Each structure stands twice: as structure tokens, then as C-alpha cells.
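I would like the entire structure built from these sequences, with the hints used as guidance.
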Amino acid sequence: MTLDGLDGDISIRTLLFGVYAERAALRECSARVAAGSTVSDLVEELRRAEGWSWLPRRVVVAVNQSYAEGGTRLSDGDEVALIPPVAGG
Amino acid sequence: MTLDGLDGDISIRTLLFGVYAERAALRECSARVAAGSTVSDLVEELRRAEGWSWLPRRVVVAVNQSYAEGGTRLSDGDEVALIPPVAGG
Amino acid sequence: MTVAREVDASRIRAWITPDSLENFAPLAACGSEADGAALVFEGRVRATNEGREVSSLAYEAYAEMAEQELEAICGEALDRFAVSSAFAAHRVGELGLKEVSVVVKVAAPHREPCYAASRWIIEALKSRLPVWKHERYADGSSVWVGAPAAASGAGP
Amino acid sequence: MTVAREVDASRIRAWITPDSLENFAPLAACGSEADGAALVFEGRVRATNEGREVSSLAYEAYAEMAEQELEAICGEALDRFAVSSAFAAHRVGELGLKEVSVVVKVAAPHREPCYAASRWIIEALKSRLPVWKHERYADGSSVWVGAPAAASGAGP
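Residue numbers (the numbering used here), protein chains in the order written: chain A, 7 to 95; chain B, 7 to 95; chain C, 653 to 808; chain D, 653 to 808.
By construction, these hints were calculated from the structure, which means they are not laboratory data. In this text, all values refer to a predicted model and were calculated from it rather than measured experimentally. A few of these clues could be false.
[Claimed, not checked] Here are the computed distance ranges between Cβ atoms for each label pair:
no. : chain 1 : residue 1 : chain 2 : residue 2 : range
1   : A       : D82       : C       : A710      : 29 to 37 Å
2   : B       : S59       : D       : G798      : 17 to 25 Å
3   : A       : N70       : C       : D660      : 22 to 30 Å
4   : B       : V66       : D       : L749      : 28 to 36 Å
5   : D       : S793      : C       : S684      : 19 to 27 Å
[Claimed, not checked] Counterexamples of contact, computed for chain C against chain A with all Cβ distances above 12 Å:
no. : residue
6   : R663
7   : D671
8   : S684
9   : H742
10  : L749
11  : Y789
12  : G792
Beta carbons: idealized from backbone N, C-alpha and C, even for Gly.
What follows is the structure, given as C-alpha cells:
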């Protein structure tokens, strides 16, 4: 699905896991954000979307399967994972 | 075998292992020592026997399959093991 | 940021798998003639966790990333400790009581670094691996372990 | 002096054995539903020891005492550390390169004490177990490891 209201220039494949997938009631969505957006920009956009206010501002994020800082700039087609507190082991 | 010259009142089953068995060229012998002898007394007797001068005065000893101090008193029929430096693992 | 590294598959291997990790056969390849010591850590599903009676649990993973991350952790262990090989596997899916959830094997010429490396790998994977645990309890309730209390209730 | 103790065979077991310790099956019984962690240490015959090329070796043991002592060490580990079970086995006889000489498994509710107990057991058995190692080298010589230099030559 594509999130309503996130209709920028570049498309980000956004993945959700664990309790976040449960809260959002979805595992994957496409988010469109403005070219030049950072990880933090995407998170702020998501938090403003309908039913997404539960998303922590400081959520841990991976871009293309590596942990990434909030300042990381996103490119069209990037895969962004929203990572709840991990509990492997 | 019974060690020559060790002809006391009580009989001690003496076991040798590893490099000690190699030096003595035997794995087991019966040693007769005086009643009331301690572990240290037995070791001194053994060291005086023909071909046994290699035996360290402070050799580690087990009596009846437990490590024992030099002052431990021996009884007829005890099993005494002469323990070279161990190297398990 | 994970730095790309050359992976020597005879020395570093990682798996995220729905298959049983009981007597996990590929671990046998961890170690060489030069190694006098090997250490295998197994994590298992416990009947109780923080005082609650666990009936079953499920691990979910961001599988592609988790496998890369686990491989990176094993590689970092080889840089940090005098160990020659590090293999690790983490189970996903439904697990019953006593089932193996994680297994880590390290091999080295000497034993001391095995202990240090094994502990380090476990701590690292617990803090870094994108894997989540959904615990179900005997009383019928369930929780995503590690999730903040506010987020552990029902969905929106 | 070893103090006699009640041995709970489900929690403490020890073997001195001429049989292979590769995938030693009795270790599977170490641990219970309450244990979330298990740690298996394996010692193997290394191709080199202190710079010399090892061709083969033999372990000799005072078998009855060694088995009691190994069992006592496992029991002491349960007293010293928060582990629920400790099993250990030591091989005797001829061993080739890479063969397992010793294996120690501990299980516990939590992982930290497993590491501490496992290390302690290995150190204790290395210092206390009446077991001797006869190493043979590629150059044809051999030595009883640990024996004082003066005593490591030919017999009288």
C-alpha cells in the first residue's frame, strides 16, 4: 500500500516488524517523501500520517539493511526498516 | 611385585602412572612399611629402594583415590598412588 | 553502519533459519587442526521468564538484515579476539519449551579467547540483531519482549 | 581431601572413557526446562604444541580416582555458580589430531554463570585430574607433558 499524504518525489519501501507491525496493522508500505529527505524527515512524515502517532520519534531505523542515523539522506527506492526494541538471543 | 627392603608390618598397594611408571618400569607394587607410617614415611622408604632415587621427595600422593597430605597415616591394604604432574584437558 | 568485509566462509558463517537448531550439523565445520578449543553456546526457550509461565513463543526477524548483521558480528569477533572461526545461527518462527533459539560456536588454538569471544557475540547479537520475540503465557496473554510498556497492548 | 557428597546423577555426571567424545550423546541429558542457557566446551588435539609438530598422543588416567575427582569438580561448580547441571568427560588412550580430549557441558537458567562455571571446571580439571598426556612428535621424539625436564628422558 501507499500511505496517504506521503506523496513526495521519491519512493521509500518501508518495512515494519514485531510490535510496530502490530500497531500499524501492516508489514510493509510505500512512503513518498520529498527528494533530499533524511531518515528523520521520513519518520516525522510517518508520525503525522493517520494512525501512526504511536511511532517513537527516536525509532531505530535501518536503510538498505544497515543501521542508519537520522541524518542519513534517502534515495528513491531505498528500503527503510523501522526497528522496535530487539530481543534476539 | 613386592619391593625389596620394604618389609614392614603393613602392606600398601602402590600405583605408578605416566612418567613415574616409565622411570620405575612398573605400574604397581606392594610396599611393606612399619605400622603407623605416614605417606611421607612411605615416600622416604621408596626413595631408598634400589632404582627409585628419581622419585621426588615432595611427590603428590593419593590415598584410596583421594589426594592426601604427607602426614596422612597409612593402614594395611591402603592404595597409594604416586601422581606425576597432571596434564589433563 | 556496517562496513562491507571479505567473508571467509570457512571461518565466519551465520544463519537465520526456521529449522531446528538441535544438533545443528553445519557447526561441525567450525574449527581446524590448529584449534585446540571450541565452545558452543546454546540459548533455549525457558519455561518461565521474569516470573511468568511461558507456554510458547515466536521469533520474528528482518531476515536478510539479521543474517548480514550476525555474519558481521562473527567477523568482528575474529578481529577482536584470538579466535579462528565463529559460526552463529538464530531460529525464527514458532518455538516450544526447551527448543534452541540461538547457537554460537567459536574455535581457537587456545581456550581463553573462546570464552571471551562467545560472550561478546551473544551480547552483540542481543543488542544488534533485528529479531523480535513474541512470548505467550499460560494465562493466555502475550507480549512483544523488549517493547516499551505503552506499545505492548493491543494494536490501534 | 575430597568430601563425600550425595550425587544427583541428573545434575552431575562424569566419565573417563576410551570411547570417542565426538558428539558425545549423554551430554544431551544435561539441562532442564528451567535452563535457558547451555555451554559446551570441547578440547581437541592440536597439530602443534609449544612450537612442536604433534603426530599423536595418548592420555593415561588413574581412572577410578579421575572419574570421582571429575564428578567432585562438577559438584563443586554447582556449589560455586548458579548453574543447575554440570557434565564432564575426559578421553583416555590413543588420540589422533583433531580428536576431542575433553568435553564439559553446563546448563543454567541464565547464561552468565555458564561461562564462569565452564571456565572454572576446565581450570580445576587441568590442575586436579589424575590424567597424563604422552605427546609424540613428527621428529619421532615423545614426552610426558608436564613432567619435570629431568624426568622426561628415558627410564632408568
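Tested hints:
{"no.": "1", "hint": "A:D82 with C:A710: 29 to 37 Å", "result": "holds, 34 Å"}
{"no.": "2", "hint": "B:S59 with D:G798: 17 to 25 Å", "result": "holds, 21 Å"}
{"no.": "3", "hint": "A:N70 with C:D660: 22 to 30 Å", "result": "holds, 24 Å"}
{"no.": "4", "hint": "B:V66 with D:L749: 28 to 36 Å", "result": "holds, 30 Å"}
{"no.": "5", "hint": "D:S793 with C:S684: 19 to 27 Å", "result": "holds, 25 Å"}
{"no.": "6", "hint": "R663", "result": "holds, 22 Å"}
{"no.": "7", "hint": "D671", "result": "holds, 17 Å"}
{"no.": "8", "hint": "S684", "result": "holds, 28 Å"}
{"no.": "9", "hint": "H742", "result": "violated, 6 Å"}
{"no.": "10", "hint": "L749", "result": "holds, 16 Å"}
{"no.": "11", "hint": "Y789", "result": "holds, 15 Å"}
{"no.": "12", "hint": "G792", "result": "holds, 17 Å"}
Violated hint for the displayed structure: number 9, the only one.
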